[in-house]
Structures are given as C-alpha cells and as structure tokens.
Amino acid sequence: MLPELFFGYFAAVIVFLSVIVITRRNPVHSVMWMLLLFFHIAGLYLFLNAEFIAAIQIIVYAGAILVLFLFVLLLLNLREELRAKRFVGAWPAGLFVTSALLVIILSVLKSFVPGPAGKYSIEFIKQETHTKALGKLLYTDFLFPFEIASLVLLVAIIGAMVLAKRKTGK
Amino acid sequence: MVPLNWYLMLSAVVFMIGVFGFLIRRNIIIMFMSVELMLNAVNISLVAFSHYLQDMRGQILVVFIITVAAAEAAIGLAIIIALFRNKDTIHVDEMDEMKG
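In order, the protein sequences belong to chains A and B. The numbering of the first sequence is the working numbering, which starts it at 1 and goes up by one. The numbering of the second sequence is the working numbering, which starts it at 171 and goes up by one.
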C-alpha cells in the first residue's frame, strides 16, 4: 500500500508540474517549476534504487542545465515576450494529435512482455553498492561510448563558445 | 510492489506533455524546455526498465542521455543567444528568413 501511495504522489506531482511548466507565460517561472519537477523525478529514481542517477539528475539537470537556462533568460529581453500571445492558434489540433498518440501508446503498453532478468538484482547491488556496479560497467563494457560522450561534451564546449561569441569588428 | 506498467504510463504521459508543449508554444526557450521534458520522460522509463529487468544497462544509457542533454542545452542556448542578438526576439514565428 505504502509504495503505491508514494508512487501516486510522485506521479501526480510530476504530471501536474509538467503541465504547469509548458503553460506559464513567463519563462522564468517555467524554469522554477521545472526545478521542482526535476527534484521529484530524482525522488522517483531513488524509489527505483538508482541513487547515482538521482544524484546526477540533481547535480547536472537541476544544478547545471537549469542554471544555464536562467542565465540565458537574464540575457534576453522578456518584455515583449510577456505581451505576445501565449499559445498558437491551432492548439486544439496539437491537443488532438498528442492525446491520440498517448492513447495509442497506452493501449500498446498492455502487450509488453518483459525479457529475462539480468544479474543486477537488489541483493547484488546492495552487496556491491550501486555506484560501484555502475562505474565498473561504465569503465569496462561501455568504455568506448564513454569516451565518445567526453568528445560530445568537448564539441559542445567549443561550439557554445564559437556560437555565442560577439563578433568584434569586420 | 508498483507494477512496471505504471512507470511506463507516467513516462508516456510526461513525454506527450512535452510534445504538446513543443507544438503549442512559440517561445523558443519554452520549446527547448519541452524537449528537456521529453528526455526526462524517456529517462524515467529507462530507469524503471533497468530496475525491473535487473539490468544496469538502462542506467548506463541514462548517463549518456544526460550527457547529450547537457551538450544540447549548451549548444541550443548559444544558438538562442546568437539569434536574439541578430533578431531581437525569441518568438519563432518572426524567424522566417529561410522562408521554409
């Protein structure tokens, strides 16, 4: 009973906050609500025994990405944006398309058959600790993708600097 | 024990809210945040799969998705700053130079 209640609270808050995030007129308010949303998603990860993922969810998403959003919002002029129309005129069409897609996905979910279970049971992770198990896998089997991820970050750093640089004189 | 399907339903609902937000808003920052919302929805389902199938690979994939999301946010926001500098707006309807 208690796990269901716990999940129900997190699911309800996550859905509610997602709707709030996409409907606010002022993007700064959206970012603040999204911060709360990310904390709740991190709570859901803890509930799923993924404490390392919960930690990086808070550090990277809430700590880095949202702060980046806030800084960019401070650089932009929001005055005119606040007066503009909030939604596009054809929003009922968008609602129809997305709810139809949602119904299709939800009806497909019933026929999902889980595959065979792996070796990372709760007892195994408890004995090994979660971060160690994840790190071992990341640095052995997934070493090559891990290196590519670091390259992606390098490209992002250089690209962001090149794109956002002010052109001085011609 | 919460069934796996509940997590998948939650993930689908959040993903669709993200798609809806992307379709109906014309503020480029909010559209960008809708994309982040979709990535988070996928992360929820991946972690749920990882827990219920007792396999760590789902969470490895989440680590990579968060990496790509961070890179995407940095590049995207840099593009938004460059656009704002040239056009003085973050309303996507007014960015029509390419006549697409």
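FYI, nobody ran anything at the bench for these hints, they're computed from the structure. Heads up, some of the hints might be wrong.
Said to hold, decoys possible - Some chain B residues well away from chain A (every beta-carbon gap over 12 Å; in silico):
1. R255
2. E264
3. E267
4. M268
Unchecked claim - For lysine-lysine, the following DSS-like pairs were computed, each having C-alpha atoms within a straight-line distance of at most 30 Å:
5. K257(B) x K269(B)
6. K85(A) x K257(B)
7. K136(A) x K269(B)
8. K126(A) x K257(B)
9. K136(A) x K257(B)
10. K85(A) x K269(B)
Glycine is no exception: its CB is placed at the ideal position from the N, C-alpha and C atoms.
Exercise for the section: Hints the structure violates: just list their numbers, smallest first. Expected result: Going through the list in order, the structure violates hints 1, 2, 7, 8 and 9 and respects the others.
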